[in-house]
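In case you want the letters, here they are:
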Amino acid sequence: MSDQEKKLLNILLFSGDYDKCLPAFILANGAREMGMEVTIFCAFWGLFVVRDPEKMSSTDKDLYEKMFASMTPGNAEALPLSKMNFAGIGKTMLLNMMDNQKAPHLVDFLEGARNKGVKFYACELSMEIMGFDKEELLPEVEVAKVNVYLENASKSNINLFI
Amino acid sequence: MSDQEKKLLNILLFSGDYDKCLPAFILANGAREMGMEVTIFCAFWGLFVVRDPEKMSSTDKDLYEKMFASMTPGNAEALPLSKMNFAGIGKTMLLNMMDNQKAPHLVDFLEGARNKGVKFYACELSMEIMGFDKEELLPEVEVAKVNVYLENASKSNINLFI
Amino acid sequence: MSDQEKKLLNILLFSGDYDKCLPAFILANGAREMGMEVTIFCAFWGLFVVRDPEKMSSTDKDLYEKMFASMTPGNAEALPLSKMNFAGIGKTMLLNMMDNQKAPHLVDFLEGARNKGVKFYACELSMEIMGFDKEELLPEVEVAKVNVYLENASKSNINLFI
Chain X
434 MSDQEKKLLN
444 ILLFSGDYDK
454 CLPAFILANG
464 AREMGMEVTI
474 FCAFWGLFVV
484 RDPEKMSSTD
494 KDLYEKMFAS
504 MTPGNAEALP
514 LSKMNFAGIG
524 KTMLLNMMDN
534 QKAPHLVDFL
544 EGARNKGVKF
554 YACELSMEIM
564 GFDKEELLPE
574 VEVAKVNVYL
584 ENASKSNINL
594 FI
Chain A
434 MSDQEKKLLN
444 ILLFSGDYDK
454 CLPAFILANG
464 AREMGMEVTI
474 FCAFWGLFVV
484 RDPEKMSSTD
494 KDLYEKMFAS
504 MTPGNAEALP
514 LSKMNFAGIG
524 KTMLLNMMDN
534 QKAPHLVDFL
544 EGARNKGVKF
554 YACELSMEIM
564 GFDKEELLPE
574 VEVAKVNVYL
584 ENASKSNINL
594 FI
Chain D
434 MSDQEKKLLN
444 ILLFSGDYDK
454 CLPAFILANG
464 AREMGMEVTI
474 FCAFWGLFVV
484 RDPEKMSSTD
494 KDLYEKMFAS
504 MTPGNAEALP
514 LSKMNFAGIG
524 KTMLLNMMDN
534 QKAPHLVDFL
544 EGARNKGVKF
554 YACELSMEIM
564 GFDKEELLPE
574 VEVAKVNVYL
584 ENASKSNINL
594 FI
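Residue numbers (the working numbering), protein chains in the order written: chain X, 434 to 595; chain A, 434 to 595; chain D, 434 to 595.
Worth double-checking, as some hints may not be accurate.
Identical chains blur together in the list; that is why a pair holds if it fits in one copy or across any two.
To be verified - In silico DSSO-like links for lysine-lysine, alpha-carbon gap of 30 Å or less:
| hint | residue 1 | residue 2 |
| --- | --- | --- |
| 1 | LYS535 | LYS499 |
| 2 | LYS588 | LYS488 |
| 3 | LYS499 | LYS439 |
| 4 | LYS488 | LYS578 |
The set of hints was computed from the structure by calculation and includes no laboratory data.
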């Protein structure tokens, strides 16, 4: 056991960009491997990361919510890059470069984080605004209000807004 | 009183995006309601959030500053989205979704933060570069250098760069 | 000596945007002047900031890596803005506004940070994916894995993801 045991990493995952979610999940996996506790609180665009691709519902959605659900990425791997045109690099190019180095994809890091016991929260207010049902998220994700985030963050050694 | 009393939340608000300012102000309101102290240090694009819509000055501005002042958002509610084209969602659509859920707008959260005693700073260097006068900001905003931010952040339980 | 001595500021520099790197390096310089220790861990787009403009290599690069190296900014000053169209402001306009205020440019803050003893790390995984060789980075940059970041961050008083 490393001396990082009992230390807490807490991430407020606001971004729904593929390239910004990568470091969030690389850190989450690395921290768990060092024995740290890890909490990821998903808000706004970050909700797309913990969407369950097999359980999308269109019941009880109003018009905007249905449009929104049908247009937005259905799972982590479908997220866009934050800079589609940064230096002309596109997501295909980034994924090719990752494959050339046998680097895992975002879905792999997400799977790793789930297997290693990272604790996931989904922001209740964001879910209401975006029209997400709890059933559309990965089953272990807990819906929580902002005070749960603040209580976790107050106790954490590392807080990051990504 | 909650045990969060005397804990400090410190936000370096760099972003001038409507969707990124929302979580900053939701956290600020939530933290004050839990009895935490909250400091928001506005730099660069974040200065637009604390611009006073009733007190814009064009005296003592050079050409670039005048162009800049006339083209940029005059208050918090006029800020753009970080992802105008993310999944085709525009700001009108987001505001409609928020209204459908009776969720407050950014100006409401800003008003709440001001009423609840959140402490606001404006970065002096950013103001100089962008040509902002102190008189153009909300009256309670204090102009400060980077060392004030660092001293506050050193003492805070939660530091976020948004 | 200020009472900030022995305090640690730790920045995970993910962004390769000129305007987002500015506050990172302004904070780094300010913190060193107050006697704080400063660590900057460069990952993904943040690697471009610590690229050595005089030592770009194209040996041992595969096709994607060569394309990527030739298309991307060769040094800190060549970085783009995060919002090229925010309020119509372009990088030339921002630099003009900075020059009018005699504000230093990003390269100046980078040089200051190097002279003041800021500790730089480069993320090993990001380097592999992007095809960077250690020789292409500024000589004092140390290549490190995510556990080095997490150990530093666990001990730091201020952690920021920029």
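For LYS535 vs LYS499, is the C-alpha pair at or below 30 Å within one copy, between two copies, both, or neither? Between copies only: 18 Å across, 37 Å inside.
Indicate which option fits the pair LYS488, LYS578 if close means a Cα-Cα distance not exceeding 30 Å: within, between, both or neither. within (23 Å within a copy, 36 Å between copies)
Given identical chains, is LYS588 near LYS488, meaning Cα to Cα at most 30 Å, within a copy, between copies, both, or neither? neither (34 Å within a copy, 41 Å between copies)
Intra- versus inter-copy proximity for LYS439 and LYS499 (alpha-carbon distance at most 30 Å): Intra 42 Å, inter 43 Å, cutoff 30 Å: neither.
Checked against the numbered hints above, the structure breaks hints 2, 3 and satisfies the rest.
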